[in-house]
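Here's the letter readout for the chains.
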Amino acid sequence: MTWADELIRIRRLLRDPNGNIWSEAFLRNQWNDVQREFQNKTKALEDVATQRVPAVYQFSYQFDWEWRHLPGEYSKFYQCLSQFDEGVVCHRWEPQTISSIAADVADYGIHFTQPWEGCMNETPGELLKMKFPANFGVMKFAAYDEQPINSVSKKAIQSSDPSHIARSGTPVAYFPYDETDDGYVLYPRPVVNFVNELAGEGLAFYAAGDDEDDTVGGIAVRSGSSDTDEGTPVDIVELGDSVFMVYAVSPTDVENLGDEPEFPGFLRKYLRYGTVGRAYSANTDGRIKSLGDFWQTRYELGVEFTKRWLRNKRRDRDYRLITRGVPGRRSYRYPRLPDAYPAVEP
Amino acid sequence: MNQIERKVLELIGEDPDNPDVFVDTPAGMAPIRDAINDAVQEIVMLTGFHKRQCYVPLREGAAFYRLQLNTGTIGWITDAWSVTQQVRLEQTDLLRLSAYDPRWMIYTGSPEAYFPVGKDIIGFYPKPPSDGNVVELTVVEIPESYATGDDRVKLRDSFQYAAVAFAVSEYWASRGDANEAQVHLAKYLDALGLSREYLPFLPQPRFAQTQKAPWPQVTG
Numbered sequence: 001m002t003w004a005d006e007l008i009r010i011r012r013l014l015r016d017p018n019g020n021i022w023s024e025a026f027l028r029n030q031w032n033d034v035q036r037e038f039q040n041k042t043k044a045l046e047d048v049a050t051q052r053v054p055a056v057y058q059f060s061y062q063f064d065w066e067w068r069h070l071p072g073e074y075s076k077f078y079q080c081l082s083q084f085d086e087g088v089v090c091h092r093w094e095p096q097t098i099s100s101i102a103a104d105v106a107d108y109g110i111h112f113t114q115p116w117e118g119c120m121n122e123t124p125g126e127l128l129k130m131k132f133p134a135n136f137g138v139m140k141f142a143a144y145d146e147q148p149i150n151s152v153s154k155k156a157i158q159s160s161d162p163s164h165i166a167r168s169g170t171p172v173a174y175f176p177y178d179e180t181d182d183g184y185v186l187y188p189r190p191v192v193n194f195v196n197e198l199a200g201e202g203l204a205f206y207a208a209g210d211d212e213d214d215t216v217g218g219i220a221v222r223s224g225s226s227d228t229d230e231g232t233p234v235d236i237v238e239l240g241d242s243v244f245m246v247y248a249v250s251p252t253d254v255e256n257l258g259d260e261p262e263f264p265g266f267l268r269k270y271l272r273y274g275t276v277g278r279a280y281s282a283n284t285d286g287r288i289k290s291l292g293d294f295w296q297t298r299y300e301l302g303v304e305f306t307k308r309w310l311r312n313k314r315r316d317r318d319y320r321l322i323t324r325g326v327p328g329r330r331s332y333r334y335p336r337l338p339d340a341y342p343a344v345e346p
Numbered sequence: 001m002n003q004i005e006r007k008v009l010e011l012i013g014e015d016p017d018n019p020d021v022f023v024d025t026p027a028g029m030a031p032i033r034d035a036i037n038d039a040v041q042e043i044v045m046l047t048g049f050h051k052r053q054c055y056v057p058l059r060e061g062a063a064f065y066r067l068q069l070n071t072g073t074i075g076w077i078t079d080a081w082s083v084t085q086q087v088r089l090e091q092t093d094l095l096r097l098s099a100y101d102p103r104w105m106i107y108t109g110s111p112e113a114y115f116p117v118g119k120d121i122i123g124f125y126p127k128p129p130s131d132g133n134v135v136e137l138t139v140v141e142i143p144e145s146y147a148t149g150d151d152r153v154k155l156r157d158s159f160q161y162a163a164v165a166f167a168v169s170e171y172w173a174s175r176g177d178a179n180e181a182q183v184h185l186a187k188y189l190d191a192l193g194l195s196r197e198y199l200p201f202l203p204q205p206r207f208a209q210t211q212k213a214p215w216p217q218v219t220g
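Line by line, the protein sequences are chains A and B.
Taken in order, the first sequence gives residues 1 to 346; the numbers are from our numbering.
Taken in order, the second sequence gives residues 1 to 220; the numbers are from our numbering.
Warning: the hint list may mix true and false statements.
As the list claims (entries may be wrong) - Between beta-carbon pairs, the in silico distance windows are: (1) B:Q3 with A:E255: 36 to 44 Å; (2) B:Q3 with A:N135: 40 to 48 Å; (3) A:R36 with B:A213: 50 to 58 Å; (4) A:Y334 with B:T71: 48 to 56 Å; (5) A:R36 with B:D17: 40 to 48 Å; (6) A:M139 with B:D190: 37 to 45 Å; (7) A:T252 with B:A30: 26 to 34 Å; (8) A:S160 with B:T108: 30 to 38 Å; (9) A:A134 with B:A30: 28 to 36 Å; (10) A:A4 with B:T148: 20 to 28 Å; (11) A:P95 with B:R96: 45 to 53 Å; (12) B:T78 with A:P264: 15 to 23 Å; (13) A:N18 with B:N70: 34 to 42 Å.
Honestly, the hints are just simulated from the structure, not real lab data.
C-beta atoms are modelled at their ideal positions from N, C-alpha and C, and glycine is treated no differently.
Just chain B, same shape as in the assembly (with noise of 0.2 Å):
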């Protein structure tokens, strides 16, 4: 049992050292570990904070190439440097290339740009002349997910509430506590700073109003 989720387990009235229903084994610990798996990999998909360095070994002729990440899933490219050119890739994309030149599928030369497609393919403009030039990308990596309580957590510090409120707010939607549920939802998105753009998505708090006059009639 790592530490986020000691927290989550303090949080929903359980006893860490001496847990009552989510005990200390995989399939004890399932609902708790998936909640927080899946908190993760939301955040860096929101965030970005989790990088890894990858490399595409550029083909003779061959411009478009599908990666695969073995510890995880690309989530996107935030640099890519040309090794033999020592220059950074632009990004741009297939509308942009299209109206430059229709025949930009045809040239072959250093590549100058990427652009990404689709979940896992990146292709380069030009396409390589030749074998030779390795191509160093800096991707997002969306975490898979850990399996047991030794694991590494790929979370930031900071991060590490919200990673609760996440999975303490699945933890009251599925014990039917719609309303726990929705608060922490709000602590969740409060913690990664998105609650001003994402927080009216949830439904507001009804407040009811009286009929009554404020202030005391003269009866009878």
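Isolated chain A, as found in the complex (with noise of 0.2 Å):
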């Protein structure tokens, strides 16, 4: 079901089937901060994403004011080499000359406006970044090439070790970079080549017909996809040399009247609910107290139903996981004395 569909069944029960009182845009609006809501407050979603090393940017900037004439249709942007005194520099010297300061600093590495020309048999001069999927959220899992790695941050790593930036072995970390670009860095950076280039746009999530070159260090492969011929329909996720990740999402926003919404059909009821109650008590013509409250009552009721649902997925674990130092549930209906105390006056 798309948007469209859901807007139906949004101004049906609104009774406003035509969209006299709220406009297309006032629900939307409401919709996409609900689905927000809701899944921060249930975690509902979670996904599983495979990326290779080096990731792959569509296009690379230097200026902020570039951004805006970047096409519209793409969303992985590289923002490459360090600004200095309204100019752009590649080399940690260049800001001395700059400056008309005769002494150079040694540099680490080459630089780069993509960071897979890092890889290419060269060690770069500065961090190989790497851009977490679209639609992500909070970081529950992740691997490299197939053992788990912690998150640290970038203050630890500077801290700690002083050659981080030409550090290069197998990733045990990862550290956020940008929040707001969404990147992170591997640590140590990992070893790898970039022998092939990619068919495709973008990071490529499952890229397809690449060849894994062993003799040079493979760099994530992925082929073949669904298999709908043997019973159930499976999609299976590859793990070597590739970081995989699982993580709680954040839903994309809908734009669009054919935009398809990223919660499972069972639980967008909730999301209809919650935008329904916004909208009778948002101050319009429409305004009416008592089927606001309603709505949003059913809409917190679908809150618990769905965490009741999340437990239910946990139901068949024989074990339960408890936080290190809390004491345990207990279960004594009546007060007792300490285990030391003398049963009988000695």
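Make one complex out of these two single chains by using the hints.
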């Protein structure tokens, strides 16, 4: 069901089938807000992705003003190099020259406008940035080449490893570098060589048709997809030599009538309830407080029902996860004396 | 028009045999049918009464599989059975596996455990060393919406009253009567046996209290 279908049902609940009171844009904004709030409260949406290393971007740019000239149909943009004194510099000695300082600082390696250039059998002189998936919300699990990696801060890496920019090896951690750009850096930098060009666009989560070349260090390879001929269709997720992540999704806004909301169909009714509740509560000609309260209550019930559903998903487990240091649940009905209390008078 | 729809029409004052507003066409019945479909999906989500069996043919070295059912959406997995090994797989999760052994993704072997990820992905530990094995899953299936009066409504008989109450509640809310809608919503929760847990979420009725003295006063 697309946003257009949801809109029809929302308007039916609002008794405004022709949109005389609540416009499509108003309801769409409310829907987008509600789905973000619903996801924040329930964490119902999770996804899995594998990312090749190095990341592949569609375009690079240098200055902020270039952003608005980038093609709108793409989203994977890389801000390359570094800004200094209203200009862009490649090497670390360039700011010295611009500042009329004669000395030249030693640099760590090469600089590039696309991260894959740093993996052409050279040592990159800057961090090799990756980009989280477009719908990334909160990381739940990450692994590189089938081994878990931890989240750390850049402060921790810089404090413990003076050579962290040039160091290479098997990544054991990652740190975010800019949350607006949804970017992160693997530490240490994985030893990979970019050996073939990508077909397709942007981050190749499931790139097909690429060949692995074992002799120069393989980059994530993915071929084959749905297996529709054998029972349940399965889409196999490959893990080798790439970043594998499980994350809570940040739902993408619906923008057009044909957009498909990310939530599964059986949860979308709660988004409808929340949207209708907000519409009835908004200060418009259609404001009816009692109905606004009713639909808001129905929405909150939906949040609770969704949490119950998430608990049901874990029901087959034979164990319970507890937080270290927090005492377990007490089941005694009556107060009890300490174990060391003498049973009889000595 | 099926039995549940007829009951809903009766409760909202329509004649099911000669309906005035909700005529027996896809467009005419859409509001009632959509509400019943929402009710069925919510009841399955809460109770898990509708199950289905599906098979996952394992592939060499592949630990994660995205599942898609043809007739609905996966609610959750209740049982996983390794056909070749003839053992039940234990449910686990990523946190526990990583705490148990950080190299858990590397090992291959006959799967001993499974873990659900997201809404439709299942992972196996350890990952299969070869093609050949099949895992038989029993899953709670949240059914797709039925479209016509002749389609099967995947609902237990004992929950039919709950679905009716749900649809009647939505009808009253869409007619602008929040109080009546709330009354039927409470009946819906009661029919599911969830009223004790979730009824406090509904606004409680307000009682007016008089300030008059309960006995006659001497005046003048």
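Results for each hint:
Between Q3 (chain B) and E255 (chain A) the CB atoms are about 41 Å apart, so this pair conforms to the stated range of 36 to 44 Å. Between Q3 (chain B) and N135 (chain A) the CB atoms are about 42 Å apart, so this pair conforms to the stated range of 40 to 48 Å. For R36 (chain A) and A213 (chain B), the hinted distance range of 50 to 58 Å is satisfied, since their beta carbons lie about 54 Å from each other. Y334 (chain A) and T71 (chain B) have their C-beta atoms about 52 Å apart, which keeps the hinted 48 to 56 Å range intact.
At about 46 Å, the CB distance of R36 (chain A) to D17 (chain B) agrees with the hint of 40 to 48 Å. At roughly 41 Å, the beta-carbon separation of M139 (chain A) and D190 (chain B) lies within the given 37 to 45 Å, and the hint holds. The beta-carbon spacing between T252 (chain A) and A30 (chain B), approximately 28 Å, falls within the hinted interval of 26 to 34 Å. Judged by the Cβ atoms, the range 30 to 38 Å given for S160 (chain A) and T108 (chain B) holds: they are separated by roughly 34 Å.
Range check, A134 (chain A) to A30 (chain B): Cβ separation about 34 Å, and the 28 to 36 Å hint holds. Distance hint for A4 (chain A) and T148 (chain B): a CB-CB separation of about 22 Å, consistent with the stated range 20 to 28 Å. Remark: the range hint 45 to 53 Å for P95 (chain A) to R96 (chain B) is upheld by a beta-carbon distance near 50 Å. For the hinted restraint 15 to 23 Å between T78 (chain B) and P264 (chain A), the CB-CB distance of approximately 18 Å keeps it satisfied.
The hinted range of 34 to 42 Å is satisfied by N18 (chain A) and N70 (chain B), whose Cβ atoms lie roughly 37 Å apart.
Checked against the numbered hints given earlier, this structure breaks none of them.
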